[in-house]
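*Asks:* Going line by line, the protein sequences match chains A and B. Residue numbers for the first sequence follow the numbering used here, beginning at 1 and rising by one. Residue numbers for the second sequence follow the numbering used here, beginning at 536 and rising by one.
Treat the hints as calculated values from the structure; they're not laboratory data. Hints should not be assumed to be uniformly reliable.
[Said to hold, decoys possible] Cβ pair distances, simulated, as ranges: (1) B/Ala580 <-> A/Arg199: 26 to 36 Å; (2) A/Asp92 <-> B/Glu750: 58 to 68 Å; (3) B/Ala736 <-> A/Asp481: 28 to 38 Å; (4) B/Arg804 <-> A/Ala36: 50 to 60 Å; (5) B/Ala640 <-> A/Gln67: 37 to 47 Å; (6) B/Ala736 <-> A/Ala216: 44 to 54 Å; (7) A/Glu409 <-> B/Ala640: 50 to 60 Å; (8) B/Ala550 <-> A/Glu37: 57 to 67 Å.
[What the hints assert, rightly or not] For the chain A half of the interface with chain B, some residues (derived, Cβ under 10 Å), not all of them: (9) Asp96; (10) Ala142; (11) Phe145; (12) Tyr148; (13) Gly187; (14) Thr191; (15) Glu194; (16) Met198; (17) Ala216; (18) Pro217; (19) Tyr219; (20) Ala241; (21) Glu246.
[Unchecked claim] Sample of chain A residues at the chain B side, in silico, Cβ under 7 Å: (22) Pro79; (23) Leu100; (24) Phe147; (25) Gln168; (26) Arg188; (27) Thr218; (28) Leu221; (29) Val244; (30) Ala245.
Note that CB positions come from ideal geometry on N, CA and C, so glycine has one too.
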Amino acid sequence: MKRDEPLDTLSAQALDAAWLRAALAPASPYGDRIFAELAAFRPGEEVAASARARRIARIAQRFTPAQLDAAREVLRNVPDAASAIARASMGDTLGDANLLELQRFFDACERLDALAENDADLPRPASEAVRVCARALELGRAGRFGFYLADGFDDGLTRARAAFAQAQAEYDAVRGRAAAAVARALGREITANEFIVMRADLAGPLPAGVRVVREAPTYLLCELDADEASLGALARRDEAASAVAEAEEVVRARLTSSVRAHAAALDAATRAFGECDVFIAAARFTQLHRCSVAEIVADGPFAFEAGRFVPLELELAREGRSFTAIGMHLDDVAVLTGPNMGGKSVCLRTCGFVALCAAYGVPVPAERASVPLFDEIVWLGAGTDAEMGGLLSSFAREVVRLRDALARERVRRLVLLDEFARTTTPREGRALLVAVLGRLRALGARALAATHLDGVADAAGARHFAVRGLRGIPERPATDDLHAALVTLAEQMDYTIEEVTHDGARRSDAIALAALLGLDDALTARAYDVLDGAS
Amino acid sequence: MHVRVGDSILALALATGARSLFVVGTGKNVGKTVAMRAMYDACLAREILPALTSIGRDGEAVDAGDAQAKPRLFLRPGTIVATARDVLPRSPASEMLALSTLRTAAGTLVYARVRHAAHYELVGPPTASGIREAVATLGSLAPYVIVDGAIDRIAALAGGEDAIVVACGASASNTLDETVADVRALVARLCVPKLERGNDALRIEGALTPSIAAELIRAGERRSVVVADPTKIALAGHAALHALERLDLRCERPLNVVAVTVASIGRDRSFEPARLLRDVAAATGVPTFDVYAASAA
Chain A
1 MKRDEPLDTL SAQALDAAWL RAALAPASPY GDRIFAELAA FRPGEEVAAS
51 ARARRIARIA QRFTPAQLDA AREVLRNVPD AASAIARASM GDTLGDANLL
101 ELQRFFDACE RLDALAENDA DLPRPASEAV RVCARALELG RAGRFGFYLA
151 DGFDDGLTRA RAAFAQAQAE YDAVRGRAAA AVARALGREI TANEFIVMRA
201 DLAGPLPAGV RVVREAPTYL LCELDADEAS LGALARRDEA ASAVAEAEEV
251 VRARLTSSVR AHAAALDAAT RAFGECDVFI AAARFTQLHR CSVAEIVADG
301 PFAFEAGRFV PLELELAREG RSFTAIGMHL DDVAVLTGPN MGGKSVCLRT
351 CGFVALCAAY GVPVPAERAS VPLFDEIVWL GAGTDAEMGG LLSSFAREVV
401 RLRDALARER VRRLVLLDEF ARTTTPREGR ALLVAVLGRL RALGARALAA
451 THLDGVADAA GARHFAVRGL RGIPERPATD DLHAALVTLA EQMDYTIEEV
501 THDGARRSDA IALAALLGLD DALTARAYDV LDGAS
Chain B
536 MHVRVGDSIL ALALATGARS LFVVGTGKNV GKTVAMRAMY DACLAREILP
586 ALTSIGRDGE AVDAGDAQAK PRLFLRPGTI VATARDVLPR SPASEMLALS
636 TLRTAAGTLV YARVRHAAHY ELVGPPTASG IREAVATLGS LAPYVIVDGA
686 IDRIAALAGG EDAIVVACGA SASNTLDETV ADVRALVARL CVPKLERGND
736 ALRIEGALTP SIAAELIRAG ERRSVVVADP TKIALAGHAA LHALERLDLR
786 CERPLNVVAV TVASIGRDRS FEPARLLRDV AAATGVPTFD VYAASAA
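Full structure from sequences and hints, please.
*Replies:* This is the structure we're talking about:
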């Protein structure tokens, strides 16, 4: 699929793009085909991206979750009739399984059409061609979901089947009489074609109508012989069966010709059906994750309020915790600081996720969002180290990825730097980060750099955002339970992000966190001593 | 003494309360299809219109392996089948009930109702989960389900409430004694009893493999060795009998073997029918039938 075009593999992993694609995935094979063709919107396509997101939002608003879920259930259970339509168009005579596929598809079209009635945003798959072909198949409806090449399709078929039924009955009677006579003579039932007669059970010769297949000292392997009457009845039955086969093919050919005559329109119906599926999936995503339509701007800030990184929000919800929604405003480049485990990386991911949703033309998990379209969304730094092989150090890998990103001739890019240059000396790392932000600004990029390095924002002339951090020193849990420590941390941490003007040394709360996570008291006390001495 | 084999086995199966029956063979060409056909006919005689399917392939006109003629399934109107769409006879037309996404060796699975008597080939899902899904669907369409099973797919028996018929025959072994030993091992394995409460037990997660069993025997394990169900005992033949003699094997969900059928006539050899029937019955302790000779022991 083409949808992750703005992302390379590592950035896609960091932003959980696979989760987003799965969350937007349609329910039917028709939808899958349309979904696979979709590409992310690029700079210059703001109007189209915005129109698509607005259309999805209107669908999400107009229909209840229950209505959309019911539609998804219809979509999920409909068989794929595209192959049958294609085969009919190329001259094949369709089989009964194909005809059932088509009937089920036509039924699903009607159901979606009923849902989409009076709605301008959902495509209408039930065209006139669908209705004509559905009527042609209607006689074959068997029960609620079945299809049978019923007698009513053709008088010739009715006659052929009646003749076959009579021939079969005659054959059964002849064979039945023969088997019954043998069974009576032998005093046993005859169910298999081949049967064993124990010599000890035989008082005299074998009865008439029995042929010996194999002789053994204690038994005879036998089978029922076919006499003249049986062979005659069998011939008449086979002839009648051939007549039925011919009559059935006549009906199948007629039904197929109807499909062939409307193949192009039916093909269009499958596309409309698939598009409907894709829109319904996106609308359901919008409802589930309380998304809103972003203003897609050609040239303006990347900004949003109450943004959420949905994969993490769901993970936290499973643990009974809540996600602290965050806001961001990027005119060009900015710096984000804050304590360890304070949500800096999550803020970066939220930015990337919101930008990705906008690029896919779907409402975003944020409020009052203003989002440009990007040619490229690049994640640099933590979380991508391990993917580039063992020859390069962590720092070298970051630099190589940065070099490649800067070398690409893209008009517009969003660069998310997660503790870039964290593995070199703070002095040089800071210098490098300041220079990188300067270059990104010069290139017209939107960039957000999360860092523990001091003074980067001032030196780069960038806006500075900070996580508020711990409200106080958290109490260590009574046990070494890591989960309990994380819950305590979450309770004490204020994940709110605010713009700050003073770029002085800020707390990272690292020692308090180390204590909370289980480092012993003596060690952390010594660390505080060192810190106080240093300050 | 002659008996109505199909009806006798069906009566045993129905008495368990199970609504499905698996026929499992000790090998190929041991009379599974013939046994299945006898039980199918017995169902019809009792005015039960059953549903049929197969684990993998069965009912074909010739053996896909050696091109020899095989017994076929001639089905009557009203019978439900789950089979691959590519082997469903084009004529006479069947009533197509549902299309499944389950894959088989011959295309996706379809559920169909026989409308005109005809020969059918059954090609069902090859996987345990697939066959369980198919049996569940067939159970919603028909009052009784008969499955042509496979010795190498007994995992499909796990998690079901089925009655089981074990088929053995001359085709699967070189000698009569070997046939008897094989079926004895299979039946003993499938009949591993349920763990009683209070027993000191060692639970085996997953399969009881030959190496685990050998280690337990070497260690002189005295506790009950418990598997989830008998299909988790990955032992056959002499290894199975050896382990069953030396370990107190138990399970949490026992299976339900109701009968054994014997086929004394094989492709390359045949055994004396009365002796095979008698010896298999004595070795397994399960009601044993010869469909070909219409006899029981």
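*Asks:* Against each hint, give a clear statement of whether it holds in the structure.
*Replies:* Tested hints:
B/Ala580 and A/Arg199 have their C-beta atoms about 29 Å apart, which keeps the hinted 26 to 36 Å range intact. In this structure the hint that A/Asp92 and B/Glu750 lie 58 to 68 Å apart at CB holds, the actual value being about 59 Å. Against the hinted window of 28 to 38 Å, the Cβ-Cβ separation of B/Ala736 and A/Asp481 comes to about 32 Å, which satisfies the hint. Restraint check, B/Arg804 to A/Ala36: a C-beta distance of roughly 57 Å satisfies the suggested window 50 to 60 Å.
At about 41 Å, the CB distance of B/Ala640 to A/Gln67 agrees with the hint of 37 to 47 Å. Here the CB-CB span from B/Ala736 to A/Ala216 is close to 49 Å, well matched to the stated 44 to 54 Å. The hinted range of 50 to 60 Å is satisfied by A/Glu409 and B/Ala640, whose Cβ atoms lie roughly 52 Å apart. Between B/Ala550 and A/Glu37 the Cβ separation comes to about 58 Å, which falls inside the hinted range of 57 to 67 Å.
Interface restraint check for A/Asp96: the shortest CB-CB distance to chain B comes to about 5 Å, inside 10 Å, so the restraint holds. Restraint check, A/Ala142 versus chain B: the minimum CB separation of about 5 Å is within 10 Å; hint holds. Of the supplied interface hints, the one on A/Phe145 holds, with its beta-carbon coming within about 6 Å of a beta-carbon of chain B, less than 10 Å. Interface restraint check: A/Tyr148 against chain B, minimum CB-CB distance 4 Å, threshold 10 Å, status holds.
For the restraint placing A/Gly187 at the interface with chain B, the shortest Cβ-Cβ distance is roughly 6 Å, inside the 10 Å limit, so the hint holds. Annotation: A/Thr191 was flagged as interfacial toward chain B, and the flag holds, the nearest CB pair being 5 Å apart, inside 10 Å. The closest approach between the C-beta of A/Glu194 and any C-beta of chain B is roughly 6 Å, which is under the 10 Å cut-off, so the hint is satisfied. Hint status for A/Met198 relative to chain B: holds, with the closest Cβ pair at about 6 Å, below 10 Å.
Of the supplied interface hints, the one on A/Ala216 holds, with its beta-carbon coming within about 7 Å of a beta-carbon of chain B, less than 10 Å. For A/Pro217, the shortest C-beta to C-beta distance to chain B is roughly 8 Å, which falls under 10 Å, so the interface hint holds. Checking A/Tyr219 against chain B by beta carbon gives a least distance of about 5 Å; that is within 10 Å, so the hint holds. The interface hint given for A/Ala241 is met, as the beta carbon of that residue sits about 7 Å from the closest beta carbon of chain B, less than 10 Å.
The beta carbon of A/Glu246 is positioned within 10 Å of a beta carbon in chain B (closest approach about 8 Å), and the interface hint is therefore held. Satisfaction of the interface hint for A/Pro79 is found here, the shortest Cβ-Cβ separation to chain B being roughly 5 Å, below the 7 Å cut-off. Because the smallest distance between the Cβ of A/Leu100 and any Cβ of chain B comes to about 4 Å, under 7 Å, the interface hint for this residue holds. Hint on A/Phe147 holds. Least Cβ distance to chain B is approximately 5 Å, under the 7 Å limit.
Given hint, A/Gln168 at the interface with chain B, holds; its Cβ is 6 Å from that chain's nearest Cβ, closer than 7 Å. The interface hint given for A/Arg188 is met, as the beta carbon of that residue sits about 4 Å from the closest beta carbon of chain B, less than 7 Å. A hinted interface residue such as A/Thr218 counts as satisfied when its beta carbon comes closer than 7 Å to some beta carbon of chain B; here the least separation is about 6 Å, so the hint holds. With a cut of 7 Å, the hint placing A/Leu221 at the interface with chain B holds, because the nearest CB-to-CB distance is about 6 Å.
The restraint placing A/Val244 at the interface with chain B holds, with a minimum CB-CB distance near 5 Å, inside the 7 Å limit. Hint status for A/Ala245 relative to chain B: holds, with the closest Cβ pair at about 4 Å, below 7 Å.
The structure agrees with every numbered hint stated previously.
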